[in-house]
Structure formats: C-alpha cells, structure tokens
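Enquirer: Next come the chains, spelled out residue by residue.
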Amino acid sequence: MISALWVMIGISLVLGAVLGYSAIRFKVEGNPLVEKIDAVLPQTQCGQCGYPGCKPYAEAIAKGEADINLCPPGGEEGIHKLAELLGVEFKPFGEGKGPRAKAVAFIDENTCIGCTLCLQACPVDAIVGAAKQMHTIVASECTGCELCVEPCPVDCISMQAIPEDISTWKWPYPVFAIAPVRNNPQKAEAS
Amino acid sequence: MRTLYRFHGGIHPEEHKLESSEAPARRAPLPKKLILPLHQHIGNGAKVAVQVGDKVLKGQMLASAQGMISAAIHAPTSGSVTAIAQHPVPHPSGLDGLCIHLESDGEDRWIERAALDFRAMPKPELLDRLRDAGIVGLGGATFPTHVKYGLPSGQRIDTLVINGAECEPWITTDDRLMREHADGIVRGIEVLRHLSGAGEVLVGIEDNKPQAITAMRAACAGSDIEVVAVPTLYPSGGEKQLIRILTGKEVPSGGRPTNIGVACNNVATAYAIHRFVDHGEPMISRLVTVTGNVRTPMNVEVLIGTPLTEVVECAEALPGTTGYILGGPMMGLEVDDLHLPAVKSTNCIIAKSAQLFPPPPPAMPCIRCTRCAQVCPADLQPQELHWFSKAKNFGKTQEYHLFDCIECGACAYVCPSHIPLVQYFRFAKSEIWQREHEQQAAEIARERHEFRMFRQEREKQEKAERLAQKEKAAQAAKPAVATPLPVAAAANADPDDTLQMRVDADIARANMQLRIDAAAARAKEQAAAAQPKNIDALTPQQQAEIAEIEARRAKLREIASDAGADDEPPKQI
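Each protein sequence line maps, in turn, to chains C and D.
Each residue of the first sequence is one higher than the one before, counting from 241 in my numbering.
Each residue of the second sequence is one higher than the one before, counting from -5 in my numbering.
No wet-lab data here; the hints were simulated from the structure.
C-beta: ideal position from N, C-alpha, C; glycine also.
Just so you know, not all the hints are guaranteed correct.
As the list claims (entries may be wrong) - Derived DMTMM-like pairs: lysine to aspartate or glutamate, alpha-carbon spacing no greater than 20 Å straight-line:
#  : chain 1 : residue 1 : chain 2 : residue 2
1  : C       : K342      : D       : E430
2  : C       : K342      : D       : E437
3  : D       : K386      : C       : E324
4  : C       : K372      : C       : D395
5  : D       : K454      : C       : D365
6  : D       : K472      : D       : E437
7  : D       : K384      : C       : E317
8  : C       : K276      : D       : E430
9  : C       : K410      : D       : E451
10 : D       : K423      : C       : D405
11 : D       : K423      : D       : E451
12 : D       : K390      : C       : E317
13 : D       : K384      : C       : E316
14 : C       : K410      : D       : E328
15 : D       : K454      : D       : E378
16 : C       : K303      : C       : E349
17 : C       : K295      : D       : E307
18 : C       : K276      : D       : E437
19 : D       : K26       : D       : E401
20 : D       : K423      : C       : E269
21 : D       : K466      : D       : E430
22 : C       : K295      : C       : E275
As the list claims (entries may be wrong) - Here are some chain C residues pointing at chain D (derived, C-beta under 10 Å):
#  : residue
23 : L281
24 : Q283
25 : E317
26 : D348
27 : N350
28 : C352
29 : D365
30 : C396
31 : S398
32 : Q400
33 : E404
34 : S407
35 : P414
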C-alpha cells in the first residue's frame, strides 16, 4: 500500500517536473492565432476595418472583439479563409462594404505643393518626396489603401484602377451554355 | 539499335500531316507593314531601343533583352519605325500588347553580317550574343536559349536531346526544315553541343517522317550525333516525354531537364542558331505551316511581325472558313480574327471549317471513367484535378501536382463527357499564380509597414532621450540659482572650472541660455509640425541646383503650354 503511494507520488513529481520545464522551455511569445490571422489579411494597412492596420485587426479578431467580414481588400475569399481558420460560419460583407477594384494612388504633379502630409499618412512608405519638392508614388509598393487621399490639402491624389493587361490577365473559369435536350422523334417512335 | 523507353499514356489523333508536308517551303511576299510585339518570349518583355521615325536596317536590334530571362527583337526587314503602340497580339486573352510598328521600304537591306567563331569565344560571351540575337526556343514555349545553358556551377549536361518529333497533328514545319536544311541544323547542333559540353547528342524524330529521318541521318553521317526514330505517339514531342523515350530518365516533378543532366532543344532552334553563328542573321523569320480549309496547304517562311492575314493569303483560305487555330489543334489558340502579327512562337495556322473541326458536343458531367488518367503523359489524375479545379480547391490541385501538367490536351481528347479539362487546369494554374503574387505583395507590404512602425518608434525614443538630456542639464543648472550654496551644483555642471567668480557668471549665463534654447526649441517644434526642416542649411551648390531645376521646370511648362496650343499629339513611347 505504502509503496504504491510512493510510486504514484514519484510519477506525479516526475511528470510535474517535465510539464513545468516544458512550459518554460517551449513558451510561445504572443498569441500564435494573431500571427495566423495576420497572415491571411492582405496587409494593405488601409484601416477600412476600423482598426489602425492589419495586425490590430488580427488581434481584435483573435480576442473575439471584431467580426471577420470587415476587410474589403481581402474580398470574400479572405472571409472564407478566416472562417475556416477560426472555425466559424462565413459572413457576407455588410451593405455597400464590399471590395472595390484594385487601384493605385496617383499624384498630379502639376498640383502637388510638396506639403509632405501624404508621406506621413502612407502606411508602407510608398510615397517619395520632401518639403516643397514634388511627391510621387512608388506604384509597385502602393497597396491602394487610399489613406493618402484624405490628408492632401490640394486634392492632387487620385486612385487609378489597374487596367487588365496581358501580364495580369487570368484564364477565366470555364463556363458553358447548357443546351436543352430535345426529344428524339425516332427514339420516341421506336419506344 | 538503341533501346527506347515508353512514357505513360499517349494518344493517336488523326495526323493530317501529308496535306502540307509534301510541297517545298515557300517564302512569303515582303509585307508592307510589320508589327513586332515586345513580348514574344517567356520572361520579361524586351526594352525598346529605337524611336519613332528611326530608319532601321534588316537585322538591326529594335529592342534589347531586359532582365535575366528575356531576348532581343530585331527588324525583319529594312524600313522606318512608324509607331510604338498597342496592337492585338496572339495571346489567349485577346488583349493588346506594346508593339513596334515597322513600315518596310521594300529594299530589304541587311546590316553588316559576320560569321562567329564560336569555339574561340568564352562561353558567357557566346550566351550574351545569343541573347542579343533574340534566339529563343522555337518548339512552342519560346524560352530564351541562353538561359537554358547559363547553368549554375556544379550542374553538368551529359546528354543533348534535339527535338524533331513534331507530334502535334497538322504541323509540318520541323519536318520540312529537316528535309530542306538538315546540314544547317547539324551546324546549329554543333554550337549547342559546344555550349552544353554534352558527350552524347540524340536527335529524336517520330517515325511518321521517314524522309526527314533519312535527311538528318545523311547530314549526321561521320559525326557521333545519333538520329533516333521514335514511335509516333502524341505527345512524344513534349520535352519531358522525349527525354523519357530516348534516355529512360524522368525529369523530377517541378524540375527542369538540366536537373538530370539533359538539355533539350528544338531542331528549328538549332537552325536559327546556325543562321546566326554562320551568317550573322538574328532571329527574324521562321517557318509556318498554313493548312486546314485552304486551297494549297504549305509551309511558308515568314518574317516575324508579318500580319497573319497575309500569311494565310499565300495558301488562299477557302469559303466556309469559320475561324483559325494558331498552333496545333491539341494545344493551339483559337482566334476568330487574324489581325495579329506572326511571332516567334507562331508555328502553324489552321483554317477551321465546320467539316474539319465540328463544334465540340456540349460538356457533360464527369463519370469518373478515368480514361484521362490512362492517357496522361505526365502520369497525373486529370479526373481529380478537374474535380478540385472546378470546386476552386486550389490547395488540393497542387497536392495532385497540377503544375506537372503540360496542357497537352490528351485527357480532353479522350474524355467521353467532352469536358474541356485543359481549360480547367489553365484556370486553376493562373488563379494559383495570382494568389502567390498577391501573397508576396502582402508580405512586402507587411515588412514595409513594420519597418515604418519601428522607425516611428525609434524617432519618438530619440526625441524623448534628447528632451530627457536637456531636462537633466536644466535640473543640474537650476539649483545653482535657487539655492544659496550653488558651488556643488555648479561644480557638477562645470567641473573643470574651479574659480568661484567665473562659476557664478557661467551659471547665470547658462540659465539664460537654457531659457532661450527652450523657447527656440518650442518654436522649432511648432514649425516642424507644420513643415519638416530639411531645406534649411542648404549649401550654395544645392541652392544653385534648385534654382536650375526651377528654371528648367518653368521652361517645360512654357513649352507644354505652347505645345498644347499647337494641338500636337504627344509622342507615344
């Protein structure tokens, strides 16, 4: 009886030590779910979700504070991915909140006064310029977040849709017209 | 006799080769206007090297290679550049691409041509010359040839496979080329052998081209190039399939032939290399089969950029033509309208008629008979791939090795439900590519955003540190004024000075200075909030530069307003 108790106590001590050690040794910094959600988000940092960037939105989703249908640039597919990741139901975009066509910002060089306000607004440093010097957009880095449009005091920034060209063209989903099946008169007679 | 191997599957579609293979190749008449797309090869489009209005000679470079994978474009005849503008190009999208428009002067005057002593040349230089001669693979994929042989160190090529299989129905350009220019092809093969350093050279030709085999064997007599007749079976002309037939080696999934020590080139590419190395002619023309619903099916030597309508005129399209196929019926591109230029990949134009190409019966649901899997030369499961592509389950398609599909169309050919399987696979592939592209863009955006946050944090910290230091200095100085015993504090603030009198004076001055500094800092901060401060403290040189730029801009504005008044359209480049 006593020896059995000792064995059980011994086992529990050993296992406790192992668990305690691994809790310290393999500790995960931060919430790994946030990282996973952040990886699904499109990283436009546009703030259309109401949070100041993709990471804060990911944190809000992980805490259960935000819905999964607040990210228009991610499109419906983004919602599907989030739903799958979090094990929740798909939720469509709210009225008039759907994704817009992809666009990049464009600065009208004749109007730009070089105020640097857009530089401060750009979340990905995709605008080049200096005070009283003309600013320009690095189109390849622009995420199309539109955050620079609002601060411009002379309204010289416009969003230009990216036209489809050969390099961005995609094969369409095969669609076929369904032809109604006509009764074959010969067959009908035979039967 | 060499042992031949089999690849999995394959089909026997009707060949339709005799229609066009028996007549000798003709040269198409010199077109008046040529349209040269900048993007005729895999990789980056070429970079325009001429201006509108330039007079150019035949063989002159019009656009140079840009980036790692690219090739140059040359003037196919002498004339003048009339525009550099958008024009429809042969592409499944039917969209326009940037093209150089060339008007021929009818003289067909060459630039200076010189043969190349390729054996005396270092290999990298020879590769650069091939790139600048616009040599790309003419087997269909138009992969720049110089890239194929610019191997990373440590990779070696043992076997060079020359592809003369030409397995696709209707097309006979390689057949004609081998019959008429076998010697030239062998010269080109010598250059390729030199480039690859391969010990073994095999030329694979399907056994439905006996004359081509005889001609090539005669041309290779006395050399150790082996011409091998391979059984006729579509798609034995696929690179991976031909390598399998000839060597028994299989290119690994997702790999290139060079991974297993094999390089593969088309006979037409070898001939183009011969034209360049021995005659100094860049890639400006190619053979095109014109066949189908035409009066005299034949092969035509066509300058790149020739409008396809003029190419078809050589063979006279018959009434009842409903459309055209560019390339073969298995892998080609269907177009309704021929207002397109011939490009480096144009190997065949088939005029369709309702008789020759009846419209496909409507697609019906997959019955999972797996006939597609039986014929797939890449050993895939097309029925599964179709299932997942249709459901847009792209992760699964990749698990089933979608990217090993060569889009040969054998699966769709045998499908009893007439499902256009290849269309589904192409859709899935381009969808996956786009997603990968977006993922990369998101990754870059994330990095840039994180760096920006880090930078802002750092700037804030630096500012706080500066302020803290000032505060410290101020606090070190303050007690000196406030307390009746300032000596210790003053000694702290200025430990080097030991003279009491000077200390007192210094403290008073320092106090005043501090207040002035604080006010100035406040003013500066306010100014900085409105406007950053990177244009003060300019050197006279910088000021001069700014003045110069301003003057230039003013002038430009003046010119622009003048030009606007003249109503002159802007130049397109």
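Enquirer: So, for every hint listed, does it hold in this structure?
Expert: Against the structure, the hints:
1. C:K342 <-> D:E430: Status holds; Cα separation ~16 Å.
2. C:K342 <-> D:E437: Judged against 20 Å, a Cα distance of about 17 Å means the pair holds.
3. D:K386 <-> C:E324: holds, 15 Å
4. C:K372 <-> C:D395: It holds: about 16 Å lies between the C-alpha atoms, which stays within 20 Å.
5. D:K454 <-> C:D365: Distance ~17 Å between K454 (chain D) and D365 (chain C) Cα, so the pair holds.
6. D:K472 <-> D:E437: violated, 52 Å
7. D:K384 <-> C:E317: Given pair K384 (chain D), E317 (chain C) holds - Cα atoms ~16 Å apart, limit 20 Å.
8. C:K276 <-> D:E430: Since the Cα atoms of K276 (chain C) and E430 (chain D) sit roughly 17 Å apart, the hinted pair holds (cutoff 20 Å).
9. C:K410 <-> D:E451: Given that 20 Å is the threshold and the Cα spacing comes to 41 Å, the pair is violated.
10. D:K423 <-> C:D405: holds, 18 Å
11. D:K423 <-> D:E451: Violated. K423 (chain D) to E451 (chain D) sits at ~42 Å, over the 20 Å cutoff.
12. D:K390 <-> C:E317: Within the cut-off at roughly 16 Å; holds.
13. D:K384 <-> C:E316: Distance ~18 Å between K384 (chain D) and E316 (chain C) Cα, so the pair holds.
14. C:K410 <-> D:E328: holds, 17 Å
15. D:K454 <-> D:E378: Violated, at about 56 Å.
16. C:K303 <-> C:E349: violated, 44 Å
17. C:K295 <-> D:E307: violated, 62 Å
18. C:K276 <-> D:E437: holds, 13 Å
19. D:K26 <-> D:E401: With a Cα-Cα distance of about 36 Å, the restraint between K26 (chain D) and E401 (chain D) is violated, given a limit of 20 Å.
20. D:K423 <-> C:E269: violated, 37 Å
21. D:K466 <-> D:E430: Distance of about 54 Å is beyond 20 Å: violated.
22. C:K295 <-> C:E275: Within the cut-off at roughly 8 Å; holds.
23. L281: L281 (chain C) check passes; min Cβ-Cβ to chain D is 8 Å, inside 10 Å.
24. Q283: Constraint on Q283 (chain C) satisfied, holds at 4 Å.
25. E317: holds, 9 Å
26. D348: violated, 14 Å
27. N350: holds, 8 Å
28. C352: Violated, about 12 Å.
29. D365: Since the shortest Cβ distance to chain D is 5 Å, the answer is holds.
30. C396: violated, 16 Å
31. S398: violated, 20 Å
32. Q400: violated, 17 Å
33. E404: holds, 7 Å
34. S407: Since chain D brings a Cβ to about 8 Å from S407 (chain C), closer than 10 Å, the hint holds.
35. P414: Holds: closest Cβ of chain D sits about 4 Å from P414 (chain C), inside 10 Å.
In summary, the numbered hints that this structure violates are 6, 9, 11, 15, 16, 17, 19, 20, 21, 26, 28, 30, 31 and 32.
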